[in-house]
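Q: Work out the full structure, taking the sequences as your base and the hints as a guide.
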Amino acid sequence: MAAVKLENWVERIRDPKIECMSSDEMAALQSRRLVDVVNRVYNNVDFYHKKMKDLGVEPGDIKGIEDIGKLPFTTKEDLRDNYPFGLLAIPKKDVVRVQGTSGTTGKLTLASYSQKDVDVWGECVARCLTMAGLTDEDIIHVCYGYGLFTGGMGLDYGAKALGATAIPMSAGNTKRQMMCMEDFGSTAFACTPSYALHLAESLEEAGVVDRLKLKAGIHGAEPWTVEMRKKIESILNINCFDIYGLCEISGPGVAQDCIHHAGLHINVDYFYPEVLNPSTYEACADGETGELVFTTLAKEAMPLLRYRTKDLTSIDHSTCACGRTTPRISKFTGRTDDMKVIRGVNVFPTQVETALLGMGGAVAPHYLMIVDREDNLDVLTVMVEVDESMFSDEIRKLDALKNKIGAVLKQALGVSARVKLVEPKTIQRSEGKAVRVIDNRNLQ
Amino acid sequence: MIKQLSVFVENRPGSLMRVTSALTEAHINIRAVASFDTPEFGILRLVVDKPAEAKEYLTGKGFVVRIHEVIGVELKDEKGNLNRMLSILADGEINVNYIYSFVIREEKAPVMVFNTDDYDKAARVLKEAGVKMVEEADL
Numbered sequence: 162m163a164a165v166k167l168e169n170w171v172e173r174i175r176d177p178k179i180e181c182m183s184s185d186e187m188a189a190l191q192s193r194r195l196v197d198v199v200n201r202v203y204n205n206v207d208f209y210h211k212k213m214k215d216l217g218v219e220p221g222d223i224k225g226i227e228d229i230g231k232l233p234f235t236t237k238e239d240l241r242d243n244y245p246f247g248l249l250a251i252p253k254k255d256v257v258r259v260q261g262t263s264g265t266t267g268k269l270t271l272a273s274y275s276q277k278d279v280d281v282w283g284e285c286v287a288r289c290l291t292m293a294g295l296t297d298e299d300i301i302h303v304c305y306g307y308g309l310f311t312g313g314m315g316l317d318y319g320a321k322a323l324g325a326t327a328i329p330m331s332a333g334n335t336k337r338q339m340m341c342m343e344d345f346g347s348t349a350f351a352c353t354p355s356y357a358l359h360l361a362e363s364l365e366e367a368g369v370v371d372r373l374k375l376k377a378g379i380h381g382a383e384p385w386t387v388e389m390r391k392k393i394e395s396i397l398n399i400n401c402f403d404i405y406g407l408c409e410i411s412g413p414g415v416a417q418d419c420i421h422h423a424g425l426h427i428n429v430d431y432f433y434p435e436v437l438n439p440s441t442y443e444a445c446a447d448g449e450t451g452e453l454v455f456t457t458l459a460k461e462a463m464p465l466l467r468y469r470t471k472d473l474t475s476i477d478h479s480t481c482a483c484g485r486t487t488p489r490i491s492k493f494t495g496r497t498d499d500m501k502v503i504r505g506v507n508v509f510p511t512q513v514e515t516a517l518l519g520m521g522g523a524v525a526p527h528y529l530m531i532v533d534r535e536d537n538l539d540v541l542t543v544m545v546e547v548d549e550s551m552f553s554d555e556i557r558k559l560d561a562l563k564n565k566i567g568a569v570l571k572q573a574l575g576v577s578a579r580v581k582l583v584e585p586k587t588i589q590r591s592e593g594k595a596v597r598v599i600d601n602r603n604l605q
Numbered sequence: 004m005i006k007q008l009s010v011f012v013e014n015r016p017g018s019l020m021r022v023t024s025a026l027t028e029a030h031i032n033i034r035a036v037a038s039f040d041t042p043e044f045g046i047l048r049l050v051v052d053k054p055a056e057a058k059e060y061l062t063g064k065g066f067v068v069r070i071h072e073v074i075g076v077e078l079k080d081e082k083g084n085l086n087r088m089l090s091i092l093a094d095g096e097i098n099v100n101y102i103y104s105f106v107i108r109e110e111k112a113p114v115m116v117f118n119t120d121d122y123d124k125a126a127r128v129l130k131e132a133g134v135k136m137v138e139e140a141d142l
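Keeping their order, the protein sequence lines are chains A and B. Residues in the first sequence are numbered from 162 upward in steps of one, following our numbering. Residues in the second sequence are numbered from 4 upward in steps of one, following our numbering.
All the given hints hold, so there is nothing to weed out.
As a list, the in silico EDC-like pairs of lysine to aspartate or glutamate whose alpha-carbon atoms are at most 16 angstroms apart:
| # | chain 1 | residue 1 | chain 2 | residue 2 |
| --- | --- | --- | --- | --- |
| 1 | A | K571 | A | D539 |
| 2 | B | K58 | A | D548 |
| 3 | A | K558 | B | E43 |
| 4 | B | K64 | A | D548 |
| 5 | B | K64 | A | E584 |
| 6 | B | K58 | A | E549 |
| 7 | A | K391 | A | E362 |
| 8 | A | K581 | B | E13 |
| 9 | A | K586 | B | E13 |
| 10 | A | K581 | B | D40 |
| 11 | A | K376 | A | E394 |
| 12 | A | K563 | B | E13 |
Facing chain B, from chain A, some residues (calculated, C-beta under 7 angstroms):
| # | residue |
| --- | --- |
| 13 | F552 |
| 14 | I556 |
| 15 | K581 |
| 16 | V583 |
No lab work stands behind these hints, which were simulated from the structure alone. Small disclaimer: the values here were computed from a predicted structure and weren't measured. Backbone N, C-alpha and C define an ideal beta-carbon position, used for all residues, glycine too.
A: The following block contains the structure:
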């Protein structure tokens with residue numbers, strides 16, 4: 162129970178030499194690392210050797226970070242085509258672990274790590290934990306899943322690098338999570354934002370919030386809104402942070418926001434970001450939204466050149482109020498994968514979340530979007546749970562509420578939505594990534 | 004004045020039963036029941052013998068429940084008696100939002116339950132006309 166107000170916040174920076182480096186020095190470091198990684202993949206990975214040959218690019222053409230645009234892209238499909246070990250740049254015996262993501266379709270996407278890759282990963286997460294105000298005295302309750310999913314191991318490695326105590330709870334069994342959180346005196350917890358909200362509400366219902374020692378929440382692996390962060394923060398009286406990462410690049414810890422919540426600081430000494438216009442592939446100016454593309458600058462086992470993340474964001478290279486010079490990407494509006502085109506309008510689940518939470522507590526933030534096609538017309542239904550504060554004994558008042566939610570959603574999304582009020586706790590709570598959209602359209 | 008529970012229920016098979024089975028588990032007696040529906044959801048209104056306990060138990064089971072005050076009026080089981088009571092309310096300019104009746108109670112007289120925006124006035128008008136109102140102890 163200890164949210165810290167911005168004016169009382171003491172900023173801690175784990176590696177000021179890197180995190181506050183001048184842009185010239187950083188560019189020099191990135192250039193050295195890029196030249197090195199290009200040589201390694203050209204010489205050791207058939208896939209990249211061929212791709213570069215096809216484009217007519219030789220390693221010698223890459224003299225510095227400014228030449229990155231000459232390099233080929235890598236897509237998720239390329240990873241699938243080379244599944245499981247086709248993109249290795251080191252002997253297989255030097256791979257110390259693998260992690261993977263299931264994705265919604267087809268096979269796993271698998272990523273391999275050398276011992277150094279694991280150490281870098283832990284170091285990046287430790288920077289993020291430090292950014293969240295945590296030190297080697299903290300007890301970090303990790304309720305991300307442990308397994309192929311990078312969440313659990315990533316936070317675990319980060320806690321280890323920081324010297325903090327990790328509690329490897331893994332996901333699920335909310336009652337036990339609550340008991341351990343109280344008994345062990347956890348000072349921070351890490352999980353997806355949707356599970357964080359579920360856990361926060363369960364702790365509140367059980368009346369144990371006052372007995373907890375929590376001060377920070379580290380949440381990521383799915384897009385969430387500022388309103389959702391504030392909701393979790395206010396229930397638990399803590400500060401929450403948005404951690405970002407993806408298994409292909411390393412895992413959580415690629416970027417995270419600081420107490421100023423003015424974008425997520427990227428660990429650019431290891432992961433070089435580009436924000437590109439998704440149709441022209443030209444670089445976006447600061448503040449312009451495009452697809453985030455990463456090049457791993459120091460990865461040994463499975464380096465990737467210009468990996469297209471499908472995450473949409475914008476970038477800001479200005480120095481942050483926290484003192485860090487590392488560029489910041491804006492909070493994600495969603496993945497190109499999550500985006501639904503409904504009657505020609507792009508709709509992200511996060512827009513629904515923002516709209517519902519913006520109704521001043523009138524509506525619970527548990528929702529499910531269902532997209533159907535009726536008579537060749539897309540129909541969006543948003544299921545919203547009724548809670549005690551919004552429930553009225555009178556049908557006309559419930560109808561009025563339903564109409565009001567519909568109007569707010571139409572305003573926010575630009576397409577009309579049917580609102581369906583449902584009983585509390587009937588929308589499934591996730592213990593990992595929340596399912597926010599069901600698309601029943603069969604467009605094939 | 005008596006208390007009525009209102010429960011939000013979705014309009015689908017078994018949803019009313021889930022409420023009544025929860026009340027059975029909690030050993031609550033239902034005295035009156037009425038449901039109001041729209042195509043998607045409904046409100047189940049109930050008068051029970053132990054409203055506070057019933058609300059707590061249902062809430063624990065995940066239902067959304069509200070308690071409202073309603074007026075219960077005892078009528079003699081004779082022709083024209085409901086009309087007589089409604090005339091008293093109409094003359095007193097009391098608006099009845101909704102009305103429903105108790106389930107049959109052994110030897111006791113029938114009871115009508117109704118909701119209005121102005122309880123005090125309704126109670127006064129009925130009392131002046133000599134109509135017997137049911138109190139919680141009578142449940």
